[in-house]
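> Model the placement of chain Y on the given structure of chain E, informed by the hints.
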Amino acid sequence: MCPAERSASGPGNRVALRARLVNMLSMSKGKTYFSEMTSDTGVRDPYQSYDAWFAQQDNARLAKKSEEAEVFFRSTGITFNVYGDEDAEERLIPFDLVPRIISGREWDKLSKGIDQRVRAINAFLHDIYNRQEILRAGVIPVDLIAQNDAFLPQMIDFSPPGDVYTHIVGTDIVRTGEDEFFVLEDNARTPSGVSYMLENRETMLQMFPELFSKIKVQRVSDYPKNLRKSLEASAPKNCEGRPFVVVLTPGIHNSAYYEHSFLADQMGVELVEGHDLRVVDGHIAMRTTRGYRKIDVIYRRVDDDFLDPLTFNPDSMLGVPGIMDVYRAGNITITNAPGTGVSDDKAIYSYMPEIVEFYTGEKALLKNVETYRCSEADSLKYVLDNLADLVVKEVHGSGGYGMLVGPTASKKEIAEFAEKLKAKPSNYIAQPTLSLSTVPIFTEAGLAPRHVDLRPFALVSPNGVEITPGGLTRVALKEGSLVVNSSQGGGTKDTWVLKE
Amino acid sequence: MLGKTAGGLYWMFRALERAENTARLIEAGFRIALTRSTDPDGEWRSVIITSATQQGYDAKYDGYDSARVTDYLLRDLDNQSSVLSVIKQARDNARLVRTALTTEVWMAVNETWMLLTDVLKEPVPETDLPEVLSIIRQQSALVRGALHGTMLRNDIYDFARLGTFVERADSTARIIDVKYYALLPSPSLVGSRMDNVQWEMLLRSVSAHRSFRWATDGDYASANIADFLILDRRMPRSLAYCAATICENLEYLEEEYGERSESLVLARALRARLRDRDIASIFDEGLHEFLSSVLGDIARIGIQIEQDYRFNE
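Residue numbers (the numbering used here), protein chains in the order written: chain E, 1243 to 1742; chain Y, 1440 to 1752.
Keep in mind the hints are simulated off the structure, nothing from the lab.
Small disclaimer: the values here were computed from a predicted structure and weren't measured.
A few of these clues could be false.
Listed below are the simulated DSS-like cross-link pairs for lysine-lysine, each with C-alpha atoms no more than 30 Å apart in a straight line [unchecked claim]:
#1 Y:Lys1560 with E:Lys1306
#2 E:Lys1354 with E:Lys1741
#3 E:Lys1307 with Y:Lys1560
Chain Y extracted, bound-state conformation:
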């Protein structure tokens, strides 16, 4: 496979994952701002920080509110991470790697691009927001379904999955890091209303408020939530799950190519950091410090994958 093709697949699926994560983030922000928060603008600010777009946003706008934040994250082409931008990137990459995709995957991406370009042509009024966000989620599911249902399990699939899980790991780590203070075990605040709001925001941002209840018997405690999002390998957006999947796909590649890769060494190290340990030891290490260093690990793995598989000249 061409190195460029591997890179195109990787970035195509990073972009698709980012679109979905951004939509989920807006959804959580919207819900909390609407129903729970005493400081809705503060929630929107944290949405912007989590999406790693604060610099661009602040350069453009003064202050945070629902209309401007959702517009910036959904439609603004100046924002390289807006849903509209990343869907275009995903589709451009899909065209670039067209010969590596099944017709089903290609058509799903192309239709997603056509549909979202149309839906996001005008600013989305608040009344339409839930529907638009659900379209984004559905289209994302359509592409994923086409990938799982029709693609050969070979290196093409591995690069697609690597893109998805590097992006997802990065996103989950950011989501937790922005709210890490709400997860710290602090006796005075336990069970307070503020914590509950923050916890719900966290869980909703990864579409896990319901699965958390099932998995933990609804035991809302900061340690449980942190454990669920960081270490629980049943949870498909947890850091441990992402790291394990990245390792898995890099192992397939190593096997198929018969060459050792430095990225797998790095990924295994990350997986080890997230395995066989309990959340208390992470709190001891310092949650924020821990998350920062995990974010660094993820970035290094991403760069190493690009080098190992010759995405660029």
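The shape of chain E in the complex, shown without the other chains:
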């Protein structure tokens, strides 16, 4: 910091910031949630160095940095589209400049747990689409598969290269205590958000280079390279030469289009839409300026239902007619494989501890949140009686839509939700309200605690599982709010895993 800036904002400002942090410390006494930066005795270990640096900063400079970050995000176009919101077609996900810091030790535990879980999910998918041992063993009810819309009969008796189904997984994890980590969702279909993980780090490096020379943070920037390697390693067995990889996007109006173009750009592969592709001589090919060119691996960001109008939704303009035949003939790799949704809906979720144990022979390292399946009469009764204390979610819902957060809902909202629940109980599960951990965000008045979750990204290929240290931290910007989804006003933070 240059001397002029120091004197301009004055030391008083820093004292105020400091006071605010102390304030937080006292606030965290007798709290009902876990604060990741502070404990009853002071600043927690992973945040020590950051805290020392932060104490030297002044509010005005940080506020300016925060504005700069927003301008940077806008002009790079890191935006997302909100469905059904015509006025604000493109919005920024607010970025908070205080990093979320995880110790190397904490990360080791977490990543082992994720590794175990994604292996189990892939084994489960292979089993479900082949021998179905887990159903025969009676570990999970047959109906859960047979009645599941995400189960694709087209995948029966088919094995993708290396038996890998979920090449990219974004496991949602929440923390409630020093050693209390829970998996909230497995996101085994087409998880998004990894571009924010990468851009947030890039932004932090630009804004506060001095921090990174002082504090050793594990790198995330290899993700695009690793993703490409992982996709290439998943190419069809009969593929000759270097596999040709593309990213398939629904198009520029999709809410995650920025991420699709970002990933294609970072990997150095083509970004295609359904109408760029067709079946040529039993392969998938893309229309280039010089004619059709065969491709080997598709990282698709199009949902199963829209993938092939000949097999699934006949009205889909986003997919490629006939791609499922090419897929089953082993001439194209689709990542993630069609039909992975059967492993990550919220009803299956409730059986994950059993699933992990069934396929790995080990106890699950990461805990599941206690889940009430409303399809079961006892559970339904309990849920209806305790709606005000529970979070109720649609089995196939995502993005924070269609859910009820009991403790913050009005009487009227609860009553209305009860009706929906009674009308179709099997569509819902309920969980206790978790008191998510908090990490401070930067506000005009200084630091203030907000609830967060974490989505680390795992890459799976026939060569193994690779988990990028860190992930996307989503933060509920509204005081007291537990909903971190960007579509519901959440923001993001850079996530640091320390080198130790």
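Positioned in the frame of chain E, the structure of chain Y alone reads:
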């Protein structure tokens, strides 16, 4: 490269060129209407005709005046060619071909879109018009600078340039055609005040009133102006210059792809029509007839490029 990407680049740069040309046209109209004309509404009418938006304009408005014409050309989203519309098209195409652009080019386009969306949010009052038009020109220069300074000279660059010059050729031909009568050698009117106004309008529409003076020693004669705008290969908006550049980029593509293209055959034919001849022979052929047939050639080249390089299915 994907055919769609080639198409996205081509249309992105056509749109950017159109934004700039429209701004220049408004600028010329504004200046003439303000300072020279005895028939300002007539000038605004010819601005609308030149921008090829007359049908849409007439359906919406009755009569021509500065406020309505500038609003229609700058901000009206019903007008597919308004600056606001084409900047949005340019930016949508830029998003479509994001992976083919450098960060600099992308950011320049994205910032241009953000800035102009903001500047053109409300109708532009006459006092602000010069500033708004200059912002459009500056942003356009920013994108062009980013393109020249940062992009690889490969097929991506060629499609960007093709878009620019097909659009520019079309625009220049239209500008001359709307005023062709003022360029006809007609002894009775030579040097009259009316001709001078029309000539200035013409030259300003292609930002060439000053370069014309330098290039021709300020010899304002209809033949000189026509020669300058049609045949002079030093003039970056002349038809001959545009045709030569289109050929050049199609030749690069032919070389890179090792495939003959029908569009190059057409472009070479157009270039030949504009080369090695003098303006008198064009007047003999009939200026308006000549321009109409050049406009047809340009349209055919555009369509052929789309087919040759598989922009669409």
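> If a hint holds in the structure, say so; if it does not, say that too.
Here is how each hint holds up against the structure:
Using a Cα cut-off of 30 Å, the hinted pair Lys1560 (chain Y) and Lys1306 (chain E) holds, with the two alpha carbons roughly 27 Å apart. Our distance criterion of 30 Å between C-alpha atoms is met by Lys1354 (chain E) and Lys1741 (chain E), whose separation comes to about 16 Å. In summary, the hint linking Lys1307 (chain E) to Lys1560 (chain Y) is supported, as the alpha carbons are separated by about 28 Å, within the 30 Å threshold.
The structure meets every hint from the earlier list without exception.
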